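Protein chains: 2
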Amino acid sequence: MVTVQEAEAIIRAQTRDFGIEELPFEQALRRVLAEDLKTDRDLPPFNRVAMDGIAVKYEAIAQGTQRFKIVGTQAAGGAPLEVQQLQDCIEIMTGAALPPSVDTVIRYEDLEIQNGIATVLTENVHAGQNLHRQGQDKKQGEVVVAAAQVVTPAVVSMAAAVGETQLRVKKLPKVVVISTGDELVDVEQTPLPYQIRRSNSYMVKAALQQFQIKADMLHLPDDIAATREELRQCLQQYEVVILSGGISAGKFDFVPQVLEELVVQKRFHKVQQKPGKPFWFGTYGQQTVVFALPGNPVSTFLCLHRYCLPWLHASLGLPEKPKLFASLAQDISFKPQLCYFVQVQLHFNEQGQLLATPFEGNGSGDFANLIEADAFLELPPEQSEYNKGEVYRVWPMKSLL
Amino acid sequence: MVTVQEAEAIIRAQTRDFGIEELPFEQALRRVLAEDLKTDRDLPPFNRVAMDGIAVKYEAIAQGTQRFKIVGTQAAGGAPLEVQQLQDCIEIMTGAALPPSVDTVIRYEDLEIQNGIATVLTENVHAGQNLHRQGQDKKQGEVVVAAAQVVTPAVVSMAAAVGETQLRVKKLPKVVVISTGDELVDVEQTPLPYQIRRSNSYMVKAALQQFQIKADMLHLPDDIAATREELRQCLQQYEVVILSGGISAGKFDFVPQVLEELVVQKRFHKVQQKPGKPFWFGTYGQQTVVFALPGNPVSTFLCLHRYCLPWLHASLGLPEKPKLFASLAQDISFKPQLCYFVQVQLHFNEQGQLLATPFEGNGSGDFANLIEADAFLELPPEQSEYNKGEVYRVWPMKSLL
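First to last, the sequence lines map onto chains A and B.
The UniProt record's numbering applies: residue 1 is where the first sequence begins, and numbers increase by one.
The UniProt record's numbering applies: residue 1 is where the second sequence begins, and numbers increase by one.
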């Protein structure tokens, strides 16, 4: 039996690299960027007019000129016009490229315009005002989006701005999610009184979609020969095998035995934690990683969030997430010498502090709480009393922000 | 000009209901559930064995029996066996339905089994132990997932467990995202020196995907007749029209004028905020809501997160999100009598408190900061100095947890 920290380190040592593929930028949302995006031009690419108004030579202002003759109108996207005389100006719109012959923009609010003459109503004009200077945000060739981050809407839009219509992103692993056990029937079926419907594998599959992974699903009956044959094929076809159930002390829990027969190297079996103690983890050559999670729905879900998703996150090349802490909103007592993962609801108080309220309840078996749980708190095994106001590490299971 | 709070209230008064549709449960992930899900059976549906071991009549234990004859093995999913004699037991597995003739489970760790006889090694056996009782989590017909919440992986799995293969979810609105302005060229094109590529509408479209909305896109040139004709059609075809650009004081900013000609009722134009002051909002009959956002990318994105996405959230029937607050990590000064939306990076300290670090920078124009910004802080207009340690409302733009 390993500790939670040992299990984490063993798994972390087995990250994999699934390679890189190219996608149209619009399809890359939520994928992991595998290249730096650079600007093809300065950002902004020209001295960008930041207010609607007129563009003048500041020299004229410095000399006391207040009335300017409008010699033309330049829209955003229009080719730059030219000003010949000091007392001439261009009516110019936000987003336009400032023509080289002028240097200062005076906004409409500070002007009166009549019969093609703009009169400046303020004394307060600075050289070069109301401009967003070429290259002020980024210079041509500078990195605007660094590799190894998730493609967000802002990244999609930056890719559009710099003309990167194809993005190199991390390939996703081929994943199979396997349920086990003769007590499980199809979702469409009405179970016999002593059967239940399959549900864990749907949960795992849905959770993997946050990475855009579309996992296959498979069910194994309590039949050692069938289990052996199916797992043999899965180890060839998939890079990640996630099992739920079949790893405890029961007579039909032959998943560990079969995996070892198939030369999957056991990295650990059993973790000092509740729920999820029977968790088994192994690797098959350099190719396939096997997470065999306990079959209880809460155990499956917590192990998925505590171990599998962070492993995927790391394998896709994302930097480690900052550790998150929350303050316990009520006392908890937990005697066993195990790390206790307790389901909680999270909220922020008005001081911006994250509070975690645990569910009263039926322990690891209470599947119904998972609907309302936002996260689980990781309570270390050295203690048995955990007091209100103490701060512990928290693992979110849904987005709270 | 309205305040931020007035703008918010006016928009909130215009929520819409887009109806309900039915989807296979696996396709309902991230949609909004429009019905309560109830259990078709108790949860658990039977007295569920919680440990691998033997099942006995407690009466035998009470009478001092320590050795039990194993009369059969019952796997999870197996039909319940029967025990006739007090000193008989069933070898039984986690997940099995406890047969009516027994009432107590003793785990393998507390047994020695030899030649079909199980000897109990502990004095410490309680009546009814190691069982997860029928209906302990939920009774048949009880609500397990309430309507008006987002379908998470846990909800998908609960739907599977209770056999709800079709889910009634909120319909999504038909949305068009419209960019405006002759300075914008297609992403595939190389812009002329005074042009830029379209990017805002990709950002808006991508951000809407968090609701699973697939928006259409449209570009309008600086041509009043074309703008009128296209907008006329959009008002008929779409329930939500999101424009970016064309609403300021410029000569080609005729979006507000055209919308009013098309009998879109202006609800407000201009908000006391920076960036995003020119924001225009209106409604077309009961059918269509029009958000005309400023064209600057940062303004577009902030207005989207501050106004449009919360409106969608409410229109889809989701309860209001709890307000989120963060502590300012450094002093900021902002003089204008406007609400200041400042882009920040968020992190939690080890006390579980959310800290917001503002970007130094170029103000609303700095599109490049959007890549790294996690959120924006809403700084009220009554102040001009905002000090480190003070707590302000924060609007996340990406998931931090």
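If you are wondering where the hints come from, they were derived from the structure by calculation, not from laboratory data.
Quick caveat: nothing in here was measured; it's all calculated off a predicted structure.
Incorrect hints may have been included.
Just so you know, same-sequence chains aren't split out, so a pair can sit in one copy or run between any two.
Derived pair list, reagent style DMTMM-like, types lysine to aspartate or glutamate, alpha-carbon separation capped at 25 Å [to be verified]:
no.	residue 1	residue 2
1	K323	E350
2	K38	D186
3	K251	D103
4	K139	E372
5	K174	E26
6	K388	E350
7	K174	E112
8	K398	E350
9	K277	E82
10	K335	E229
11	K398	D36
12	K38	E188
13	K323	D17
14	K335	D182
15	K277	D137
16	K251	D88
17	K38	E239
18	K398	E142
19	K398	E372
20	K398	E320
21	K323	E112
22	K214	E21
23	K138	D186
24	K138	E372
25	K251	E229
26	K139	D88
27	K388	D331
28	K138	D182
- Task: State whether the alpha carbon distance between K398 and E142 is at most 25 Å within one copy, between copies, both, or neither.
- Result: This pair counts as between: shortest inter-copy Cα distance 24 Å, intra-copy 35 Å.
- How do K138 and E372 come out at 25 Å by Cα distance, when the copy is not named: within, between, both, or neither? between (44 Å within a copy, 14 Å between copies)
- Message: Within, between, both or neither: how does the pair K174, E26 come out at a Cα-Cα threshold of 25 Å?
- Response: Both. Shortest intra-copy (22 Å) and inter-copy (19 Å) distances satisfy the 25 Å Cα cut-off.
- At most 25 Å between C-alpha atoms: does K335 with E229 qualify within a copy, between copies, both, or neither? neither (42 Å within a copy, 72 Å between copies)
- Query: How do K251 and E229 come out at 25 Å by Cα distance, when the copy is not named: within, between, both, or neither?
  - Reply: For K251 and E229, the Cα distance is within 25 Å only inside one copy (19 Å; across copies 73 Å).
- With identical chains treated as interchangeable, where does the CA-CA distance between K398 and E350 reach 25 Å or less: within a copy, between copies, both, or neither? Both: 21 Å inside a chain and 21 Å across chains, each within 25 Å.
- Message: Within, between, both or neither: how does the pair K323, E350 come out at a Cα-Cα threshold of 25 Å?
- Response: Both: 21 Å inside a copy, 8 Å across copies.
- Checking K138 and D186: alpha-carbon separation at most 25 Å within a copy, between copies, both or neither? This pair counts as between: shortest inter-copy Cα distance 21 Å, intra-copy 56 Å.
- Message: I want to check one pair: K388 and E350. Are their C-alpha atoms no more than 25 Å apart within a copy, between two copies, both, or neither?
- Response: both (18 Å within a copy, 16 Å between copies)
- Query: Can you tell me if K251 and D88 fall within 25 Å by alpha carbon in one copy, between copies, both or neither?
  - Reply: between (93 Å within a copy, 19 Å between copies)
- Item | Homo-oligomer pair classification [E188, K38; C-alpha up to 25 Å] | Intra 51 Å, inter 16 Å, cutoff 25 Å: inter-copy only.
- Message: Please sort K388 with D331 into within, between, both or neither, judging by C-alpha distance up to 25 Å.
- Response: Answer is within: at 5 Å inside a copy they meet the 25 Å cutoff, but 32 Å across does not.
Going down the numbered hints, you'll see the structure goes against 7, 9, 10, 14, 17, 21, 26, while the others check out.
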